[in-house]
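*Asks:* Make a model of the complete structure from these sequences and hints.
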Amino acid sequence: MVGFQFRESFEFMVRFKEPYPSVFGVVASAVHYLFFVMPFNTFALFYVIVCHHAKQIIEILGNSMSVIKCNVNLDALLATHNRMVKMVERIDSELSAHVFFCIVFNSVAVYGFISSFIHANYQSTSRYRHLMTCFCVTSLSSFFAMTLAASFVNEALAQIATRARSMQAENIHSKMSLQIFQFCTSHQANLTVWNIVTIKRGVFINTLGVIFTYVLLIDSLDHSK
1 MVGFQFRESF
11 EFMVRFKEPY
21 PSVFGVVASA
31 VHYLFFVMPF
41 NTFALFYVIV
51 CHHAKQIIEI
61 LGNSMSVIKC
71 NVNLDALLAT
81 HNRMVKMVER
91 IDSELSAHVF
101 FCIVFNSVAV
111 YGFISSFIHA
121 NYQSTSRYRH
131 LMTCFCVTSL
141 SSFFAMTLAA
151 SFVNEALAQI
161 ATRARSMQAE
171 NIHSKMSLQI
181 FQFCTSHQAN
191 LTVWNIVTIK
201 RGVFINTLGV
211 IFTYVLLIDS
221 LDHSK
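Note that the working numbering has the sequence shown beginning at 1, numbered continuously upward.
Quick caveat, the hints were computed from the structure, so don't treat them as lab data.
Any given hint could turn out to be false.
Claimed, not checked - Pairs of lysine-lysine, DSSO-like flavour, derived with a Cα cap of 30 angstroms:
| id | residue 1 | residue 2 |
| --- | --- | --- |
| 1 | K200 | K86 |
| 2 | K86 | K55 |
| 3 | K200 | K55 |
| 4 | K55 | K175 |
| 5 | K175 | K86 |
*Replies:* Structure, rendered in structure tokens:
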């Protein structure tokens, strides 16, 4: 019933502003953008920038490992890796919950988009359908950028572990240090969706499928009563 009430209130707003397109329509559109769209899109942009910065730091470590020599200071390399892991863990602990709420926000956008085309008797205005289409495309695009940026960070961390396993040592001392480094890199941190699932490239498609499934289920329950 929450989705039904959301749809009815949104449709009422669109119909109510028809006689006042120059005043109420502009105000309602501005309020909708400022309080529904812009906060999530702003967070999506912030999350993408943070992930891009983290990916660059990880790639610097990976490039230093690709030109590694036998006399490399593995202790310093391990300390750099540990700081990098702590950085990723802090990003995940502070922002992963917001990623989950973005999924909930996208579910509302997809619900309004599907309902605006399936139930023409409820959503009769073309302005409402156009608004919900833009709302859905904008929110899904920002979420796609978030998942793609986070997946690049996780892939860069996986490459660090792969390169560490391919490294070789020439003496006993460096061999022991290398084994410690390889052990630490094998237990890597990952960016997640509220510690529920690790963000990979396929997360967007999987999440979108789950959203569509539950949206259709909730929509059918709303109109079966």
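*Asks:* Given the proposed pairing of K200 with K86, does the C-alpha separation stay at or below 30 angstroms?
*Replies:* 20 angstroms, holds
*Asks:* Does the alpha-carbon distance linking K175 and K86 stay inside the 30 angstroms limit?
*Replies:* 25 angstroms, holds
*Asks:* Regarding the pair K55 and K175, is the alpha-carbon distance no greater than 30 angstroms?
*Replies:* 28 angstroms, holds
*Asks:* Is K86 close enough to K55, meaning Cα to Cα at most 30 angstroms?
*Replies:* Distance ~14 angstroms between K86 and K55 Cα, so the pair holds.
*Asks:* Can you confirm whether the C-alpha distance between K200 and K55 stays at or below 30 angstroms?
*Replies:* 14 angstroms, holds
The earlier numbered hints are all upheld by this structure, with none contradicted.
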